[in-house]
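Chains A, B and C supply the protein sequences, listed in that same order. Just so you know, we're using the working numbering here: the first sequence kicks off at 161 and counts up by one. Just so you know, we're using the working numbering here: the second sequence kicks off at 2 and counts up by one. Just so you know, we're using the working numbering here: the third sequence kicks off at 4 and counts up by one.
Don't read these hints as lab results, they were simulated from the structure. These numbers were taken from a predicted model, which means no experiment stands behind them. We put the beta carbon where it would ideally sit given N, CA and C, even for glycine. Don't take each hint at face value.
As the list claims (entries may be wrong) - Here are some chain C residues the structure puts well away from chain B; computed CB gaps all over 12 angstroms:
| no. | residue |
| --- | --- |
| 1 | 9 |
| 2 | 18 |
| 3 | 28 |
| 4 | 76 |
| 5 | 111 |
| 6 | 127 |
| 7 | 144 |
| 8 | 168 |
| 9 | 175 |
| 10 | 186 |
| 11 | 236 |
| 12 | 244 |
| 13 | 275 |
| 14 | 288 |
| 15 | 319 |
To be verified - If you want the footprint, here are the derived chain A segments under chain C, 3+ residues with CB under 8 angstroms:
| no. | segment |
| --- | --- |
| 16 | 281-288 |
| 17 | 301-309 |
| 18 | 405-416 |
As the list claims (entries may be wrong) - From chain A, some residues computed to sit far from chain C (all C-beta separations above 12 angstroms):
| no. | residue |
| --- | --- |
| 19 | 201 |
| 20 | 291 |
| 21 | 362 |
| 22 | 497 |
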Amino acid sequence: MTPPSAGVGTPDVHPTPTTSRQSGPPLLEVRDLVKHFPIRRGILGRTVGHVRAVDGVSFQLWPGETLGLVGESGCGKSTTGRMVLRLLEPSAGSVHFDGADVLALSGARLRAMRRHAQIIFQDPFSSLNPRMTIGAAIREGLTIHRIAAGEAADRRVRELLSEVGLRPQFADRYPHEFSGGQRQRVGIARALSVSPRLIVCDEPVSALDVSVQAQVVNLLQDLQRDRGLAYLFIAHDLSVVEHIADRVAVMYLGHIVELASATDIYREPLMPYTQALLSAVPVPDPTVRSTRVVLSGDVPSPANPPSGCVFHPRCQHPRKDEACTKLVPPLEEKSAGHWAACIKQPPTTVHWEVQKAAGGTRQPERYLPDL
Amino acid sequence: MTSRFRHRHCLTVATSALIAALATACGPQADGTTGGRELAGSGNVGGTLVIASPTGPNTLMPPTVTSIQGKQLTDLIYERLADVGPAINTFGDEGFEPRLATSWDWSADSMAITFHLDPRARWHDGKPVQAGDVRYTFRVNSDSAQSSDAVYLSKVDSVSVPDSLTVTFWFAARYPEQFYDAAGRLSILPAHLLADVPAGGLNRAPEATAPVGSGPFRFVRLQPGALIELAADTGYHLGRPLLDRILMTVAPNPIAAATQLFNGEADLYEAMMPQQMGEFATHPEVVAHIEPSLTYNFLQFNLRDPRHPDRPHPLLSDRELRRALSMLIDREAIVKSAWDSLAVVGLGPFPRSLPTADTLVRQLPHDPSRGGAILDSLGWRDSNGDGIRDRDGQRLEFAVTVPTSSAFRQRIAVLLQDQFARNGVGLTVERLEFNTFLERLGRRAFDTNLGSWVLTDGSPAGSRATWGSGGNQNFGSYGNPLVDAQLDSALATFDAADRRSHFSRAYQLIVDDAPAIWLYEPRNVIGIHRRFVMPPLRTAGWWLDLPRWSVRTGEQIARDRGAASAPAAPVAP
Amino acid sequence: MISGLVSRVVQAAVVAILVAAVAFFVLQAAPGDPLSALVENPSVSPALVAAERARLGYDRPAAVQFLSYVSAAAGGDLGYSASLGMPVSRVIGAALPHTLLLMGTAILVSFAVGIALGVAQAARAGTVFDRAASAVSLFLHSLPEFWLALVLLIVLSGRLHLFPGGGLETLAVAHSSGWHWFLDRLHHLALPALTLVLLTTAGVARFQRAALLEVLPRDFVRTAVAKGLSRRRVVLRHAWRNALLPIVTLLGLALPALVGGAVFVEQVFSWPGMGRLVVTSIERRDYALLTGCLLVGGVLVAAGSLLADALALAVDPRQRRANRD
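Given the sequences, and given the hints that come with them, work out the whole structure.
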């Protein structure tokens, strides 16, 4: 257990999640992950700046657990998911999968690791090779990793298809012959084919009709239960994550700004950004009234993030003051297992004197809008 | 006056070169056709000549051949009754060498010429050449819709065939070029193959692309636009040619053609450009033959208004103006600049090689100050200081049309423009695509043009059409009755000295009238591989003595040793 | 499907006839006719020119000439080439195989090399290798065809004697075996083909590079990487196969050149193909030859575009299935 001591973005920190499922070493441990994309200009391609897509993200994931990673588009959640699998090379930080340093792997060993960590993409169509039958696409993983070959592989393909609720004879069809929900089932079958321990679900249902979303989420939950899978479940919508995640991490502009169990996040969101996100969740019952927290302004550019708390230009916290624009809020444990980055939500390690010195005029005070 | 053309004429006219050939021709013959006159000279039998040519022939049917390549090939495949000889004299029969005819007789009144055919002469398909072939050839060529020569044959009344080896031309009038028209113009066609071809259909007969002649080389094959192959006719009645094969390969780009020549892929290329001359220094195996040509180039004035052909040209109809313009031009400098040593300054409406040429014709001097003074006196002064002379508000300015196909003519147009401009005369250069250029010439729609006449034989008969009043190729509409009279007299007289003086006077009158500025006569530069031995190249065409060419001993290359493709070649070891 | 093919063929035939018609009338409108070059030849009589014009039908109105041409062409008679003195079908019959050989070789090699280069570049996008290859490609691509052909001729043939200076084969030499004959043909083919390959490979490579770069970031490529496939397998089996369609389209566009020939290259290397026929026919106002070339060209272009369509079907299962359903 590493105590958080510094602000978000400072290198040697990661929050420690507490959950009932937590036991033994984590399956996945991410520390201070950073991804800077260079901005090139001119014909010579000179680098004139960087987009800080991910700016120091740390979390852990235990076997069989689902961690929801939530935020608006562009917050760096998908980038994080891809760096975990090294589909993107991180600029800094570390990723350990099952104790192994993923960033140190290369060649055959990296490919072997990938057998155990799979990904499902948001767009089930674009993530399937249009030139391959789905049977061939599923089979390829089996043969590459020498899990099955020949007739056995064909049989396994049919099994996988029926496992995800598709007719086995669909194997010789091409992706364009399927509906969106069916394609996502294909994507899941493909990911499952190599019997992974972790699946990064990169907004797997965002592109699907609402009616289909629930089916796919249910399928994922069933599979998790049957196979003990761990999910890193990326979504821009807290309502989807609510059903499946054990814990939820909220990202904003490349930072994790709040991390807690799903129950806590939904009951008691501490970070004003989380509060705003929750109020954007459509409530099925129209009779439920809520004071809507409305996000004003656009998401700032990650190439030029705001100083201090990156959320401060859009923040609705009544105690927001000058100090928020100067001080980088650390991700700190506000209550047991509930981490948030806000110097105005007590308790905080950024003492009032420090805040006043930075121009603070309003003392921290707990703020929890009526959602 | 009874001319010497009337006397009986036999092979006593054979030139010394030919006699030399007779003495030695029998040596290398393998097929035993000895005895009688032999055309081929001494030398090795065998060898292949590859000619790189900018384009292919339009047809191989002699009456309608118009391209130089077509002429070269048909001159080798077909044969005339007699050959005009190296001196290219077309008056009377002096200098003519026997070909299909071994001898000829003039009738007492010179109104008939009887030719005796060589009994050994055979068509390439083995049939004998007969008098009927000559009569058929005459019939075809006297039809103006089938032959350009019809105009010359109009004075032949008829052709009779006393027996299969004797043919008589009956003339309606006596004239100096009688013999040339009958014996020297017509390539004799095989009646047994062509007689059934309907009038006007000769060009579509199979023989138009696969000719059967009686000349020294037989046709072997034709790849359209690419290659033509001829082989020695080993049964040729005047002795087989020494070379086995002649190939003409089409290389449209001059640099590519020269590269093929200097690489040894081709043996002969005749369109060398001045800038390629340096290559000869580094390639001693290729010899540059620089020969006089039958071409003369000039800046032609249009004496008629291009917009109203019935009216005189507002500027250029003025003889004094044309003379003054001529004096402004430094022809030496232009020729030197554009051609270096590969052309000589033109003297008048004739190339120097023409038998009737007169190199003593008095030239208009290059004298810009005198030319300027004449222009001043005509009222052409630069009154507004814009650098161009003017008179009554009209500028002394006109256009020259140039074909874009000729880089040289374009360069010369610019040089002329510069020299005129220095003397206050405006010349605008109008570059025209070749067909457009010709079309404008034909319509007489130009002020001046950079023109060229290429003569294909030594006959001066064409000068009436090009510089005589109303001549159909007199594009500048120049006309002087005195010139017409001199030309008519020159073409009618049987007296050599008389003819010469008439032509001289005609040329002098033309030069004095300045219907054109006589710019240059290009020389032909023919690159030929060193291994070939040949008599001096003939002015009327380097190819005319090809049967006498041979390959020097010890210098044969692979293709010289290749098996002759002539089917009946008996020389193959 | 079948009806689609038929309509494409009909469409192509109509286009071919229209192109031929336009070319015919434009050439008619231009000054001169096949015999006008004789005007400047003092040894040719105007009477002969007039008679020949009448024989060839050039004295009739252009529309009448065209109609009689088309009706004869429908019966397989492509007319008579006045400038070459033989039937157009024979002229084209001789030239077409040469052009097909040259252009076929050039297209085959330039697509093979271009695709390989483009894939290699895309797989290493942004590296020094990629930039250098792009710069060289762009340089070669921007060279004028005529100039490059001449430079290669002068240097590789004229100076270094590595290749013959033109033509189809060594003349007048009997080859000892079919193999020697083949090598000799190849030797002659090399330089004109090299010129064309240098000029066109760059375009193919740029096309392939761009197409592959567009595909590489797509999710299914990530999927392939995530499956644990090797980089090579990801690029070649997954990404490249999906970046082939633009290349097939490009191939379809290149096929007309198979028939049209490379005018300047054929000219410089004395290659007796279709491109030179077209130039000759325009220079000499050979209406029948030009129209014949364009008609034959149109038919083959149509065939080529059908072939490209068939190839597109082969590389893209979506189109195949869409037709099935």
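Verification of the supplied hints:
{"no.": "1", "hint": "9", "result": "holds (35 angstroms)"}
{"no.": "2", "hint": "18", "result": "holds (27 angstroms)"}
{"no.": "3", "hint": "28", "result": "holds (16 angstroms)"}
{"no.": "4", "hint": "76", "result": "holds (17 angstroms)"}
{"no.": "5", "hint": "111", "result": "holds (23 angstroms)"}
{"no.": "6", "hint": "127", "result": "holds (40 angstroms)"}
{"no.": "7", "hint": "144", "result": "holds (23 angstroms)"}
{"no.": "8", "hint": "168", "result": "violated (4 angstroms)"}
{"no.": "9", "hint": "175", "result": "violated (4 angstroms)"}
{"no.": "10", "hint": "186", "result": "holds (15 angstroms)"}
{"no.": "11", "hint": "236", "result": "holds (48 angstroms)"}
{"no.": "12", "hint": "244", "result": "holds (42 angstroms)"}
{"no.": "13", "hint": "275", "result": "violated (3 angstroms)"}
{"no.": "14", "hint": "288", "result": "violated (6 angstroms)"}
{"no.": "15", "hint": "319", "result": "holds (41 angstroms)"}
{"no.": "16", "hint": "281-288", "result": "holds (count 6)"}
{"no.": "17", "hint": "301-309", "result": "holds (count 3)"}
{"no.": "18", "hint": "405-416", "result": "violated (count 0)"}
{"no.": "19", "hint": "201", "result": "holds (14 angstroms)"}
{"no.": "20", "hint": "291", "result": "violated (5 angstroms)"}
{"no.": "21", "hint": "362", "result": "violated (9 angstroms)"}
{"no.": "22", "hint": "497", "result": "holds (31 angstroms)"}
In terms of the numbered hints stated before, the structure departs from hints 8, 9, 13, 14, 18, 20, 21, listed from lowest to highest.
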